[in-house]
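**Q** Protein chains in written order, with the working numbering: chain Z, 1 to 321; chain W, 1001 to 1393.
Please keep in mind that the hints were generated in silico from the structure rather than gathered at the bench.
Virtual Cβ for every residue (Gly too), placed ideally from N, Cα, C.
Heads up, none of these hints are tricks.
One-sided excerpt, in silico: chain W residues whose CB lies under 8 angstroms from chain Z:
1) 1169
2) 1184
3) 1348
4) 1355
Going by beta-carbon spacing under 8 angstroms, a handful of chain W positions derived as facing chain Z:
5) 1165
6) 1177
7) 1315
8) 1352
9) 1354
10) 1362
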Amino acid sequence: MDFSSLIDQIGEHTANGLTKGAIYALVALGYTLVYGVLRLINFAHSEVFMVGTWAVLGVYTVLGATGSSGVGMVILATALAALAAVVASASTALIVERVAYRPLRKKNAPPLIFLITAIGCSLVLVELFGHVFRVFFGPPFGRALVSIPSLIDTEVWLNLGKTSITNMQIIVVVGAVVMMVALDTFVNKTRLGRGVRAVAQDPDTAALMGVNQDRVIMLVFILGGAMAGVASILYTMNYDITKFDIGFLIGVKAFTAAVLGGIGNLRGALVGGLLLGVVEVYSSTLFSSNWEDVTAFVVLILVLMFRPTGILGESLGKARA
Amino acid sequence: MSDSGKGSDTAVAPRKGPLGLPHLGIVDRWQRAPIWMKLPVVLAVVSFCFYLPFLNILPFAQVRTDLNAAGTDWSSVLFLIVVYMIVAVGLNVVIGLAGLLDLGYVGFYALGAYSVALFGSSSSPVTIALQEKLGFAEGWAVPFAACIPLAIAFALVAGVILGAPTLRLRGDYLAIVTMGFGEIIRIILRNATDVTGGPKGVIGIPKPPGPVDADGRDFFNGLDVHRWYWLALIVLFLLMFLVRRLENSRVGRSWLAIREDEDAARIMGVNAFKFKLWAFAIGAMLGAIAGLLFASKQGVVEPNGFKLNLSFLFVAMVVIGGSGNMMGVLFGAFLITYLPERFRFLDQWRPFGFGVALVAVMVLRPQGLIPNRRRARELEDRKAEAEEAAVDV
Chain Z
1 MDFSSLIDQI GEHTANGLTK GAIYALVALG YTLVYGVLRL INFAHSEVFM VGTWAVLGVY
61 TVLGATGSSG VGMVILATAL AALAAVVASA STALIVERVA YRPLRKKNAP PLIFLITAIG
121 CSLVLVELFG HVFRVFFGPP FGRALVSIPS LIDTEVWLNL GKTSITNMQI IVVVGAVVMM
181 VALDTFVNKT RLGRGVRAVA QDPDTAALMG VNQDRVIMLV FILGGAMAGV ASILYTMNYD
241 ITKFDIGFLI GVKAFTAAVL GGIGNLRGAL VGGLLLGVVE VYSSTLFSSN WEDVTAFVVL
301 ILVLMFRPTG ILGESLGKAR A
Chain W
1001 MSDSGKGSDT AVAPRKGPLG LPHLGIVDRW QRAPIWMKLP VVLAVVSFCF YLPFLNILPF
1061 AQVRTDLNAA GTDWSSVLFL IVVYMIVAVG LNVVIGLAGL LDLGYVGFYA LGAYSVALFG
1121 SSSSPVTIAL QEKLGFAEGW AVPFAACIPL AIAFALVAGV ILGAPTLRLR GDYLAIVTMG
1181 FGEIIRIILR NATDVTGGPK GVIGIPKPPG PVDADGRDFF NGLDVHRWYW LALIVLFLLM
1241 FLVRRLENSR VGRSWLAIRE DEDAARIMGV NAFKFKLWAF AIGAMLGAIA GLLFASKQGV
1301 VEPNGFKLNL SFLFVAMVVI GGSGNMMGVL FGAFLITYLP ERFRFLDQWR PFGFGVALVA
1361 VMVLRPQGLI PNRRRARELE DRKAEAEEAA VDV
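Okay, chain Z solo, but in the shape it has when bound (with noise of 0.2 angstroms):
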């Protein structure tokens, strides 16, 4: 129990938690917009940010950009990369929907049947860039942690008395958050979200008031897709590594996440996000980075045990939405 380190950089960790639980959260949406419509746990999704941070690498290396190129080109790679993580992880879900959820669906599988085609599905994709691209491709693919060149150097930008936050953690809060209202206001104001909303709602109903069911459902893997690549990129200028298996902890911290600010509900997602990446910060702090996982479980326990439906409760169809 180390109290007096943790009271005396507090702002440090807060800082350090946000920025880690703002990955989570992102990643989180998409289990809550998925679990939302279908009620099903897409367990596929943690990998759909692993092909995210790969496509990040692949357009840094097709560019030859690094930490030395210059402005033109930082903004160009970091743009494109960005661009590049999204639609290669909005496709990947799509396709993990076609191949292995829809014909399930079209039979009313319950969801047991879905949990291991997803789990089936993410080894399929983990296995694809630990094993057989690297048969075909060779390396960076394969079972080695892969550095990605750091387009940014870290530089403080604020000193608030001793906390002292970088540019890096600026840039990955203020990302989540804007995508994190973006969506909120597309799944809220817009035609589409009306009908995201609708089949969460009541899926029959909305069925025979004209809501494509299929459509929506592709709709919803797209943006959960869309935004684990925006988590992806944003991990990668932060941490500036990816690996095959790079997504199955990040992937179980954000169900995690999910669950913990109720899942189904956007808002939620952020809550639980941000405060699982704290929490977990504070305890590495507390005990020792060792605990980190445990005290993440810990948490998600006892905040189920009191409040069943999570923190900000269950909603993209009732209430609110």
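Model the placement of chain W on the given structure of chain Z, informed by the hints.
**A** Below, chain W without anything else, positioned relative to chain Z:
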């Protein structure tokens, strides 16, 4: 849902075949066969299982995994298959019978393995502490026979501790909470070095007692692996018998009712929570027994042997085989353990192939390879409902 509309497992209305005679499937024929016909078949199958390690007649010997030098010892593979079969039978109680999605089953498996390791090994931190506190001689450890009830007790307690607060949660939450539990167990095993030996694990796990054989070795040793296989097989048959009895009892019927419609079951007076907790605890117990056997044969355990992926593998065994049907899950466990060993030469392609197979099997046969008939009918009902709904729209 009542039985009247669908018929129970045994009284299936036979479909009419050609000539107006009832068309009987192989399972119907088997169920209707008199005991004097069944008994020899069962005996033959059982003795074949015991004979398997020595299977050496071509072309049947092609099933062996140690045909070339790179292969794994055939008896060891058989042993692992049977251990995973025990796991599958246990997890089937939780997933297949009671319909609870448990993604942290590896936690119970690890508990079983670690209880025999920590109490049975004379060099584990726990026994050393006991030696010092209670003044036993150095090298003292809890005897193997006493480790078994210990492991079972730990698993039951863990099952109840995990189940009591979480079984009131909805299915999806149960999945994530059990998954968290599995990870927590592994992380505790890794981090609590003073109690569990930490990342290095525990060595010197005791083996079951037995007479000294003709070569002067212990009965259960590292060379005569087929004896381990036989032991595991006997345990498996025993547990299968017990679970089968449970399935056909009041408890089993309650599980079925809860799985199909929990609200309806409650209205009919089934104490859903109690029976779910029972399913959890019994499943945990079987997982622990499998873990105990595994650890005892292995001689060493380490926390990294109990990662979450193993949990997913266990669930895949049950679902691919056909959840709810004991023969199905046994087949699932067999396939998932055996095929990767047999096709070891495919090396790194195996996980990829496994993923593709998982998706393909589930998309083509959502009910599993050898489905529970009642379960299969439930799925057909759901499919019909979906089609009707599509027509309505």
